[in-house]
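Protein chains in written order, with numbering that gives the first Met the number 0: chain A, 0 to 545; chain B, 0 to 735.
Source of the hints: derived by calculation from the structure; they are not laboratory data. The structure presented is a predicted model; accordingly, all values stated were derived computationally and were not measured. C-beta: ideal position from N, C-alpha, C; glycine also. Any given hint could turn out to be false.
[What the hints assert, rightly or not] Here are the computed lysine to aspartate or glutamate pairs in the DMTMM-like style, where the Cα-Cα straight-line distance is at most 20 Å:
#, chain 1, residue 1, chain 2, residue 2
1, A, LYS323, A, ASP241
2, B, LYS638, A, GLU80
3, B, LYS8, A, ASP198
4, B, LYS427, B, ASP135
5, A, LYS127, A, ASP198
6, B, LYS92, A, GLU81
7, A, LYS123, B, ASP9
8, A, LYS323, A, ASP113
9, A, LYS161, A, GLU81
10, A, LYS176, B, ASP20
11, B, LYS92, A, ASP383
12, B, LYS71, A, GLU41
13, A, LYS542, A, ASP217
14, B, LYS680, A, ASP217
15, B, LYS504, B, ASP39
16, A, LYS231, A, GLU57
[What the hints assert, rightly or not] Simulated restraints, written as ranges between beta carbons of each label pair:
#, chain 1, residue 1, chain 2, residue 2, range
17, A, MET47, B, GLY589, 55 to 63 Å
18, A, MET47, B, LYS5, 26 to 34 Å
19, B, ALA537, A, LYS231, 51 to 59 Å
20, B, THR15, A, ASP61, 34 to 42 Å
21, B, VAL425, A, GLU13, 52 to 60 Å
22, B, HIS298, A, LYS231, 33 to 41 Å
23, A, MET47, B, GLU701, 16 to 24 Å
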Amino acid sequence: MDNEGILVHQAFEEQQDMTAVERFAFKHDFHQLPSGAGPYQELIPKTMPGPGQQYAFEVNLDQCTGCKACVTACHNENGLEEDETWRSVGLIHGVGADGPVIQHVTGACHHCLDPACMNGCPVKAYTKDLATGVVEHLRDQCIGCQYCIFKCPYDVPKYNKKKGIVHKCDMCISRLKVGQAPACVRACPNEAIRITLVDTAVVRQDPSEFVRIPQAPDSRYTLPTTRYVTDKRLTPDMTSMDAAVFEPEGPHMPLVVMLVLTQLSVGAFFVEGLVNHTLQDGLRALLMPVHVLAGLAFGLLALGASIFHLGRPLYAFRALLGLKTSWLSREILAFGVFAFLAFVYAVQIKYAPAGFFMREDILAGAVLASGSFAVFASVMVYRDTHRVLWDTPMTTFKFFMTAVLLGTVTVMAVSLGVCAVDSPQNFVNVLRAVGIPLAGVMAALALVKIIVEASLFSHLRDPRMTPLKKSAMLMSGPLRPWTTQRFIYGTVGGVVLPLLFLAMKDYLTSSWVLAWVGVMAVMTAAGEIMERYLFFRAVVPLKMPH
Amino acid sequence: MVNTMKQFKDLIYQKTGSLTDELALVPSALGVLPQRLLPDRSGRLVCGFCSTGCSLDVHIKDGVPVNLTPTKGYPVNIGEACPKGWEALTPLKAFDRAVTPYVRKGHGRLEPAHWDAALRIFTSRFKDIQSRYGNDSVAFLSTGQIATEEMALLGTLAKFGMGLVHGDGNTRQCMASAVVAYKQAFGFDAPPYTYQDLEESDVIVFIGANPCIAHPIMWQRVCRNKNNPTIIVIDPRTTETAMAATRHYALKPKSDLVLLYGLARGLIERGWLDADFIAGHTTGFKEFRAHVKMLTPDHISRATGLSEAQIEQCVALIARGKKVSFWWTMGVNQGHEAVRTAQAIINLALMTGNIGRPGTGANSITGQCNAMGSRLFSNTTNLLGGHDFCNAAHRRKIAAILHMDEARIPARNSLPYNQIIEEIAVGKIKGLWIIATNPAHSWVGQQEFRQILKNLEFLVVQDMYHTTQTAQMADLILPAACWGEKEGTMINSERRIGLLRKVAKAPGLALADFLIFQLIAHYWGCGELFKDWQSPEAVFQILKEISRGTPCDFTGIHDYAMIESSGGIQWPLPEGTLPWDDQRRLFADGQFFTDDRKARFMFEVPRPVPEDVCGQYPFVLLTGRGTSAQWHTQTRTAKSPILRKMYAREVYVEINPEDACKLSIRDGQWVYVSTRRGEIKVRALVISSVQQGHIFLPMHYEVSNHLTLPAFDPYSYQPSYKMAAARVAKVPYYYA
C-alpha cells in the first residue's frame with residue numbers, strides 16, 4: 000500500500016472507531032427513575048380519579064401552534080414502529096369575526112365513555128379501566144380483524160402489519176402510574192396538552208362539550224372525554240386541510256370476496272328454493288343437489304377467504320367472545336350457523352333419504368333464515384361504523400341485491416352447466432324452465448342495482464363537501480379505472496348480454512348458450528366484486544379534521 | 000395442571016404476553032422508556048437541523064443509537080424538541096446514504112469508486128483546471144450544516160492550501176443580510192441576544208418570522224414569559240405566530256422597510272425616545288430623523304396597506320413597553336432591500352434604548368444549525384474569525400497563528416454566491432466543489448442555475464446522500480458522514496457554542512467532512528500546512544487563538560469537556576472570565592464594536608420591488624416554511640416516515656377564497672402557477688390566511704424555485720425569495 004492508501008485506510012479506521020463513545024457517554028443507573036417528582040407535575044392530576052371520574056386529555060388550542068412535537072415524542076417515547084403514530088395534528092381554517100383563523104388540533108385517543116372500538120371488538124381485546132377510564136387494548140388478545148379501525152370515529156387504532164394486530168394510545172398509563180406525564184404532555188413546548196379528571200356524568204349530560212371541534216364527528220356516538228379549550232370562536236363552517244384533498248381507503252380484498260361470496264351463497268339458496276318449487280320432479284332431482292352444493296361451496300369459500308383478513312388467523316376462534324356488543328361476532332356466528340345448516344341440508348339432499356335429518360322445507364327455511372340473518376348482520380357490521388356510504392338503506396340494498404342477483408346467476412349457470420354435462424336431452428327444458436326466466440330476472444335486478452348505485456354521482460353537484468360527495472369524487476377521480484370496470488361489467492354482463500340472450504334464445508345452440516351464460520355469470524360476478532371493492536375504497540371514514 | 004389451565008385460558012382470553020411486552024415501558028434514569036429500547040448509555044449532542052441549537056440525549060444500546068430524548072437541563076431547549084429533533088436519528092439510516100465515492104464515467108453514469116481513485120481524480124481535475132484557467136477558476140460552496148472546525152478546515156484548505164479565491168456558503172441564502180446589517184450597525188456580526196430575552200420582554204415584535212413553525216423551541220420561551228407580553232407580528236400572512244399574537248399587522252409584501260420607518264417616525268413625533276442612549280451610544284440619529292420625516296403618514300399607510308390608526312397603535316404599543324425585543328428572520332433577510340430593513344429594526348431598538356438590557360434587542364433569528372459558525376469561521380466572506388481579507392494586519396495575524404506564509408492568504412474578497420454563479424455562466428469559473436448543500440433545489444431561479452452548472456468542467460458534491468438533486472449532477476460524489484457520526488462544535492442563534500458527538504457508525508465508506516478535508520490536503524500536496532489540524536478538538540484550540548481579542552473571543556473555553564459540562568457556552572468568553580452566566584447578552588455597557596464604540600443608524604430611501612405585479616402576473620408570490628416537520632430541500636426530513644406524515648405529500652399553493660372564487664378554482668383542485676421563470680402544476684389550498692392578491696408556496700418542494708426571482712440585496716447579495724409576480728390558472732379538467 001502506498002502512502003496515500005495508508006492515509007485513506009487510517010481515515011476509515013478513525014471514522015469507524017467508536018471508542019470515543021465510551022469516553023464521553025453518560026452511563027446511567029437504568030431501571031430506576033431519577034429521584035424526586037417528575038417534571039411537568041402541574042400538567043397531570045395530583046390524585047387518581049374518584050368515583051364517577053376518569054382521566055382525560057385536555058388541549059388548550061390557544062397554545063397549540065402546530066409544531067407537532069407531541070406526535071414524534073409519542074412515537075419515540077413509546078417505541079413505535081418506524082412509520083407508526085398514535086397522535087396526529089390536523090389544521091382547520093376559516094374566517095372569524097376578527098379575520099382569518101387557522102387552528103391546529105392535536106388529537107389521540109379520546110378514551111370515550113362508550114368506546115366504539117371496544118363495542119365492536121369481536122374478541123373483547125379492549126377494556127375500559129375502571130379506575131382510570133383509559134381505553135386499553137389487549138395486544139395479546141387481538142386477532143387483527145381491524146374492525147375497531149372501522150368503528151372508531153377518530154381514526155385512533157392503528158394496524159401494525161408486522162405484528163398482525165392493532166396498536167393504540169393508552170394515555171401512557173404506565174407513566175401516569177408512576178407519577179410521570181404522558182409523552183405528548185411532557186413534549187409539548189407550549190404546555191398545550193394536560194391530563195385532567197372529568198366527571199363522567201358531565202360527559203353523558205352534554206357530550207357536545209367534548210371534542211368540540213368543527214368538522215369533528217358527533218360526540219354522541221362514543222362520548223369522548225377530551226376537552227378542547229380556546230378563547231377563539233371556532234365556527235362550524237371552518238374547513239380542514241383534508242376537506243378537498245383525500246385519498247381512497249384500503250381495499251380489504253378478503254372482505255370483498257367474503258361479502259360477495261357469502262351473499263352469493265345465501266342468494267343461491269333463496270333462488271334455488273323458488274326455482275325448485277316450480278320444477279317437475281325429474282328436473283328437480285337433477286338440479287336441486289347441484290344448486291345446493293354450489294351454494295354451500297361458495298359459502299365455505301367465502302368463510303375461508305375471510306380468514307385471510309385477520310392478522311392472526313390462528314386465533315380466529317376467539318371471535319365469538321364479543322357477541323353481546325359486536326355485530327362482527329354476530330355476523331361470524333350467523334354465518335357459522337348458516338354454513339352448518341347449509342351443510343346438513345346439502346348432505347340430506349345429495350346423499351340421505353328425504354327427511355333423514357329433518358323435513359326438507361323446514362331445513363330449507365332454516366338455511367334461508369340463518370343466511371338472511373347473516374347477510375343482515377353483515378349490513379349491521381358496516382352501518383354500525385356510522386360511515387355515510389355504509390348507511391343502512393344503501394348497504395341493505397346492495398348486500399341483498401347482490402345476494403339475489405348472484406344467486407340468480409349461480410342457479411342459472413349451474414343448472415345449464417350440469418344439464419349440459421349430465422343430461423343433454425333435458426337441456427332445452429332446463430333452458431325454458433330455468434335459463435330464460437332467470438335471465439330476465441337477472442337483467443331486471445342488475446339494471447335496478449346499477450341505476451341505484453349510479454345515483455351516488457348526483458352528489459357531485461352538491462355545493463357542500465359531504466362524505467357522499469367525497470365518495471363520488473373518489474370513484475370518479477382516483478378510483479375511476481375500477482368504477483369504469485364496475486359499470487361496464489354490470490351493464491354488459493348483467494343487463495345487455497341477458498337481454499340479447501333473450502332476444503336470440505331461439506337461434507343459439509347449446510354450446511353457445513353455455514358460453515353466453517358463462518360470460519354473463521363471470522362478468523356479473525366481477526362487477527359485484529368491483530362494486531364491493533369500491534364500497535371499501537370509496538368510503539370516507541369518520542375522523543378528526545386533518 | 001395449573002399451567003395447562005392457564006394456557007387454555009390464554010388461548011381464549013390472553014391479557015398479557017409477548018405482544019404486550021413488545022411495547023412495555025419501564026422506569027429508567029432518562030424517564031419511563033420502552034423496555035425494548037432501554038439504553039446502556041447516552042451521548043449528548045446539539046441538534047443538526049436549525050439554529051435553535053437544542054441539545055439531544057441519544058440513547059445508545061449495544062453501541063448503536065436506538066432512540067433519543069431532548070436534554071432536560073440544557074439552557075436552550077429545557078427538555079423539549081421539535082419533530083425534526085425527535086426524528087434526528089432517522090435520516091442517518093436512509094437507504095440512499097452515499098456509502099462510497101461515485102465518479103461519472105464516460106458514458107455519463109455515476110459509478111462507485113475507491114477513495115484513493117476519487118481523491119486522485121479530485122486533485123488532478125481541479126489542478127488541471129487551475130493550470131489552464133488560473134487558481135481562481137475553481138470555487139467552492141460551503142454550508143451552515145457542518146461543524147465549525149470542519150468549515151474552518153475547508154475554508155483554510157481551499158483558500159490557503161489549494162489557492163482558491165472564491166468560496167461562499169449557503170448561509171448567503173438565509174443570513175447574509177443580517178450579517179451585513181449587524182456589521183455596519185454594530186461593527187461586528189454580533190446578534191446581541193440570549194433566548195432568555197423572550198421570557199423577559201413585555202413587548203415582543205416579530206417581523207417576517209414565524210417561530211411557531213420555524214423555531215418552535217424558541218416559541219416555547221415566549222410561552223414561558225410571565226409578563227403577559229404584548230406580541231406584535233408583522234407579516235403579510237396570517238401565520239401560526241400571527242394567530243398567537245396580540246396584534247397582527249398584515250402589511251403588503253415588501254413594504255416592511257416603509258412600515259419600520261413609519262414606526263420610527265411615529266416614535267420620533269411623539270418623543271417616545273431614549274434620548275440619553277441615542278446621544279451617548281449612537282451616531283447618525285439626526286440624519287435618520289430627517290430621513291423618516293420625509294415619509295408622510297398617508298404615504299406610509301398607502302405603501303403598507305395598513306391604516307394610519309393601525310400604525311399609530313403599533314407605535315404606541317412599542318413605546319409603552321419597558322423591555323421591547325425585536326426579532327426577525329427570513330421574511331426580512333430574503334428581501335430586495337433586506338440589509339436596510341434589518342437595520343431599520345436595529346434603529347428602532349437603538350432609538351428606544353431597547354438594547355443591552357434583559358428582554359430587549361434587535362435580534363436576528365438564524366436559520367441553519369451552524370450558520371453562526373459559518374459566519375465566523377468558514378473563511379469565505381470573512382477571513383477566519385470575522386477578520387478581513389483586505390486588511391494586511393489581519394492577514395499577518397492569521398498567518399502567524401496558523402504558522403503559514405502570509406502570501407498564501409488572498410488579499411481580495413471572495414465573490415458572493417450569486418456572482419460565483421455568474422462567473423460560471425460566463426465561463427470564468429470551471430470547477431466547483433459543493434459541500435453539504437443542495438443548490439440544484441434551493442437556489443433562486445433553480446432552472447437557470449441548473450443550466451449554468453452544465454458549463455462546469457468538473458463538479459464535486461460532498462454529501463451524505465448520493466441522491467440529492469445536486470449530487471445527481473456531479474462528476475464526483477464524496478460520501479460524507481453526517482451529524483451524529485462525527486465530532487465538532489456548532490454555534491446557535493444566541494452565540495452558544497454547542498457540542499457534536501459521534502454516537503453512530505457511518506455507513507459504508509462514508510467519512511466525516513473533517514477527514515475528507517484532511518485527505519484532500521494530503522492528496523493535494525499541502526498536508527504539511529495542516530499538521531496541527533489533527534482533530535476537530537485541535538482545530539477548536541486554533542480557532543480559540545484566532546478569536547483572542549476579537550468580539551467573539553472564546554479563549555475562556557478550555558476544551559470540549561467544558562462545553563459539555565456547561566450546557567453550551569455563549570461567546571464571548573475571554574480567558575479568565577469567572578464566573579459567567581449561562582444567559583448572556585451583548586452591549587450591556589452600551590459599547591459597540593465600531594471604532595468609536597457607537598452604534599450606527601443606517602438607512603436609505605426604500606426602493607421599488609424588482610418585480611411588481613402587473614396585468615399579466617397579477618399575484619404576489621410569497622414563499623416560506625411549510626411545516627415544522629420540513630427542513631429546507633427535505634434531503635433529510637423526507638427520509639422520516641413520521642415527518643412525512645406531517646406535511647402534504649403534494650406541493651400546494653395557498654390562495655385566498657375571494658381570488659379562488661374569481662378564478663373559479665375549488666379547494667384541492669390542480670392549478671398552474673407561473674412567473675416569468677416558469678410554470679408549475681400544484682394543488683390549490685383555498686385559505687384565508689393569505690390576503691387577496693397574494694399566493695403562498697412552501698419552499699420545500701422541488702418545483703418552488705422554478706418560480707422565484709433571482710434578485711439580490713445590493714449589500715448582502717442575499718436572494719429575494721419572498722416576492723415575485725405570478726399568475727394562477729385552473730388546470731383544465733382533462734389534464735388534472
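CA of LYS231 (chain A) to CA of GLU57 (chain A), is that 20 Å or under?
Cα-Cα ~16 Å, so holds.
At the C-beta level, are MET47 (chain A) and LYS5 (chain B) separated by a distance inside 26 to 34 Å?
The hint (26 to 34 Å, Cβ to Cβ) holds, given that MET47 (chain A) and LYS5 (chain B) are roughly 30 Å apart.
Mind checking the alpha carbons of LYS127 (chain A) and ASP198 (chain A) for me, to see if they're no more than 20 Å apart?
15 Å, holds
Could one say that the CB atoms of MET47 (chain A) and GLU701 (chain B) fall in the range 16 to 24 Å?
Given range 16 to 24 Å: violated, Cβ gap about 53 Å.
Taking the beta carbons of VAL425 (chain B) and GLU13 (chain A), is their distance inside 52 to 60 Å?
Violated, since VAL425 (chain B) and GLU13 (chain A) (Cβ atoms, about 42 Å apart) do not stay within the stated range.
Below or equal to 20 Å on CA atoms is what counts here, so check LYS92 (chain B) against GLU81 (chain A).
11 Å, holds
Range agreement (Cβ of LYS231 (chain A) with Cβ of ALA537 (chain B), hint 51 to 59 Å):
Holds, since ALA537 (chain B) and LYS231 (chain A) (Cβ atoms, about 55 Å apart) stay within the stated range.
Given the hint that LYS8 (chain B) pairs with ASP198 (chain A), test it: the Cα-Cα distance must not exceed 20 Å.
35 Å, violated
Holds or violated: LYS176 (chain A) and ASP20 (chain B), Cα atoms, limit 20 Å.
Holds: LYS176 (chain A) and ASP20 (chain B) sit about 17 Å apart, inside 20 Å.
Proposed proximity, GLU80 (chain A) with LYS638 (chain B) (alpha carbon, max 20 Å)
With a Cα-Cα distance of about 15 Å, the restraint between LYS638 (chain B) and GLU80 (chain A) holds, given a limit of 20 Å.
When you check the alpha-carbon spacing of LYS71 (chain B) and GLU41 (chain A), does it fall within 20 Å?
17 Å, holds
Does ASP217 (chain A) sit within 20 Å of LYS542 (chain A), going by the straight-line distance between their CA atoms?
Holds. LYS542 (chain A) to ASP217 (chain A) sits at ~10 Å (cutoff 20 Å).
Of the numbered hints given earlier, the model fails hints 1, 3, 11, 14, 21, 23; all others are met.
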